[in-house]
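Participant: Given chain B, put chain W in place with the hints provided.
Chain order of the listed sequences is B and W. UniProt numbering puts the first residue of the first sequence at 1, with every later residue one more than the last. UniProt numbering puts the first residue of the second sequence at 1, with every later residue one more than the last.
Hints were generated in silico from the structure; no laboratory data involved. Keep in mind it's a predicted model, so treat the numbers as computed, not measured. Certain hints may be false.
Chain copies aren't distinguished; within one or between two, either way the pair holds.
[Said to hold, decoys possible] No more than 30 Å apart at the CA atoms, straight line, and that leaves these computed lysine-lysine pairs for BS3-like:
id, residue 1, residue 2
1, K153, K67
2, K153, K115
3, K115, K83
4, K14, K153
5, K67, K115
6, K67, K14
7, K83, K67
There are 2 protein chains.
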Amino acid sequence: MDTGTPAGATDTAKRPRTERGRRTLRRLLDAAAIEFGERGFHEASISGITARAGTALGSFYTYFDSKEAIFQALVRDMSEAVKVAAREALAEPASALERERAALAAFLRFAAEHKEVYRIIDEAEFVDPESYRQHYETTGARILERLREGGRKGELRANLEEAHAWAIMGMNVFLGLRYAVWGDGDMPAERVAALANDLLANGIAAER
Amino acid sequence: MDTGTPAGATDTAKRPRTERGRRTLRRLLDAAAIEFGERGFHEASISGITARAGTALGSFYTYFDSKEAIFQALVRDMSEAVKVAAREALAEPASALERERAALAAFLRFAAEHKEVYRIIDEAEFVDPESYRQHYETTGARILERLREGGRKGELRANLEEAHAWAIMGMNVFLGLRYAVWGDGDMPAERVAALANDLLANGIAAER
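This is chain B alone, in the form it adopts within the complex (with noise of 0.2 Å):
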């Protein structure tokens, strides 16, 4: 997974001073990614992730003290490049509703392409439940953000609240899950996100 500057990871990784060492410590993350998703966080090992990066055990103590460590920066790094997979879909301007169509559709693809990010969060919350946590409440945050933008335009209801915003975080995860990551591909990110957000456009009572 590659999503540039490893932004989140540099609140417990130590920081790369030159870009060569931005590159490795991106390496580390991303074949961090691969050990700790193949093998959990138990059976994941430092040699595993430095094998599969190329690099010297050396390099992987000039960026991380532990296994614990690099697991608390990779989640970090997921939750970042989580909202930079959204933020992408949500340049072009469009209608709140819109927006969170783009931002489920971005998920999805992004989920489907790197699997291994419900496996590592969800690890989280026994290796590193403040990661865990945080990586939710900045997420609801986020939507609760846009909900709030779209009531003050006079798109989205005026009175949503932060639980309008986790239900909505839930149903973009459990669409994920099932879709992204259990799904054999049978049902395309595109489709999932239209019935989602005809839910939210919509609701589900018959018309009257």
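Facilitator: Chain W in isolation, oriented as in the chain B frame:
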């Protein structure tokens, strides 16, 4: 957590033949919920479970072969308990939308009383992936059945499909995480359920 007959457990546990045996099995599962909920799968121990249950080690092995076996039985037992909690709320005649509201409120109350349910079902993703997936697939199928029934009665849209059921399941799971598990009682279950139900009834778009 006493949910009566440990129905979900009997797939993987040896079936008790007597009422006394049934009570011992129930005590072991309730003790396991606390032990796994507090310590996590890896730190939890069989002796910790039997100490909490007040049973001899021999009683444990009457019903389970291993820590893995009781964990699996517990996940299925909790999955069943979630179903039972919702079903009791659904017993009264009500419209399809009111049923969704009642099911969510019941789930939120259940999760607030049994906060360990999240940690245990979430840890199943790593310890017992098949039970994890089965929990969500059967829960999603149950919601879809309710949606289709509502469609047949003309109360809900006739074109609701699996994606809508998973969207609603995700909403419910994340609202439970935020307000029942992480919440400090800042929002009562009935109000969370009412907000989510309003989203299902009307969507989030501004009125036109």
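Participant: Enumerate the violated hints, using their earlier numbering and listing them in ascending order.
Facilitator: 1, 2, 4
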